[in-house]
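Engineer: For the record, the sequence lines run as chains X and A. All residue numbers for the first sequence refer to the numbering used here, where the first residue is 8 and numbers rise by one. All residue numbers for the second sequence refer to the numbering used here, where the first residue is 24 and numbers rise by one.
Hints listed in this document are in silico derivations from the structure and should not be mistaken for laboratory results. Hints are supplied without guarantee of correctness; some may be wrong.
To be verified - Over the 12 Å line for every Cβ pair with chain X, so calculated as not near, a few chain A residues: (1) Leu83; (2) Asn148; (3) Lys172; (4) Lys338; (5) Asn344.
What the hints assert, rightly or not - Below 20 Å or equal to it, Euclidean Cα-Cα: the simulated EDC-like pairs (lysine to aspartate or glutamate) are: (6) Lys22/X x Glu207/A; (7) Lys220/A x Glu26/X; (8) Lys22/X x Glu194/A; (9) Lys22/X x Asp82/A.
Note that beta-carbon positions come from the ideal geometry of N, C-alpha and C, so glycine has one too.
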Amino acid sequence: MFDKKSDEVQLLKLKKEFELNFPLSFKFSRVTDIKDKTLRLVKDRITISSLQVNKTIRKSFYKEITILYPND
Amino acid sequence: MASLIISIDQDDSTTDVCKWLFFLDSKFIRLSESSIVKNVNWGFPKNKITIEVDQFTLDLNSLKSVWYRRGNWRSNHQEKQLNPTALVDESFKFLEYEERAFKYALHDFLKSKNNLSNYNLSKVNKIEVLNLASSIGLKIPESRIINSKKALINFMTDKRVITKPLENPLEYYADTYWIPTYTEEITDEMLREVPNKFGVSLFQELIEKKYELRVVYLEGDFFSMAIFSQLDNQTEVDFRRYNHESPNRNVPYKLPIVLELKITQLMNELELNFGSIDILVNCLDEYIFLEVNPIGQFGMTSFPCNYNLEKKIAKKIIRNNV
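Bound-form chain X, shown alone (with noise of 0.2 Å):
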């Protein structure tokens, strides 16, 4: 459903030809990769990790870290 390549395309082609409309802002967004797709599952408890607590602390906290630190 999604094409990353036009949607890249189509972007590029909105920030020229409508260059006096936008604001700058958008001059500067780009298509940027989501990491995981359970990263916006659980975005709000990402956060979780910010605690910096011990790593296995994490893991069991939120089983969803493990996908998002895989090298965990």
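On the provided structure of chain X, position chain A as indicated by the hints.
Structural biologist: Just chain A now, with coordinates in the frame of chain X:
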């Protein structure tokens, strides 16, 4: 009578509150963008309103407790692809205005209930809020709304400058990518790319911060969190550029009482009983108010600081239903 919750399907925080409502054995109806209003019957002047949404028939008159979190319900539309002509465009514009008027009126009616937030108050204007905050005595960043490179260069002569949207960021989420409109510092390199004229844009002085605060305001109570985002280049200007390898440190924080009083005044003037507020603390230990988001996230503050806001909100919804 069950409480009414209006949110979007993918809002995890709403789901967490609903889990508490289940646990506390309190009935509720959750509507979202996938809820379709099939029938409406609204009589004037007695204001007898029933709407049929999904499988529920809601008698809005007997409803006591409403939590507006995010989003809205949908009208029962026929979906067909039409070639875009001037008439088609205008007809759909007409339809949009009609719907907007209906939704506004309905949410205005819901204001008479025991509310936690309201759709009609969920969109605040950043500039209006900044001016109001300043008039109340809150410090705000020096800001400019301009549309030319010349004016931008002039604004940048003695300071570092950021730009951000005047309203909401672009919200385009695809399956494995998205297009964020972050708060961006205008660097010299970026300035070279800036055309002589551009769309009307908001610029603000970049505050050299010690740390930033995310404050959840809930009916006069404050739940604040300090985010030490300035120590990481990736999160320095916008902490939403999360560094998952080395996350920012987040800790509970107590605001000075004078600041709480000013924010309470601001929220009262905006008629908001809930909001997520962004504040920076600069190197002189001054508190710089940035913005308030009436439908802002609270899970990101609740979880790291153990504030248990989900339970607190559930209890408010129940109390509002008595």
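Engineer: So which of those numbered hints doesn't the model satisfy?
Structural biologist: 3, 9
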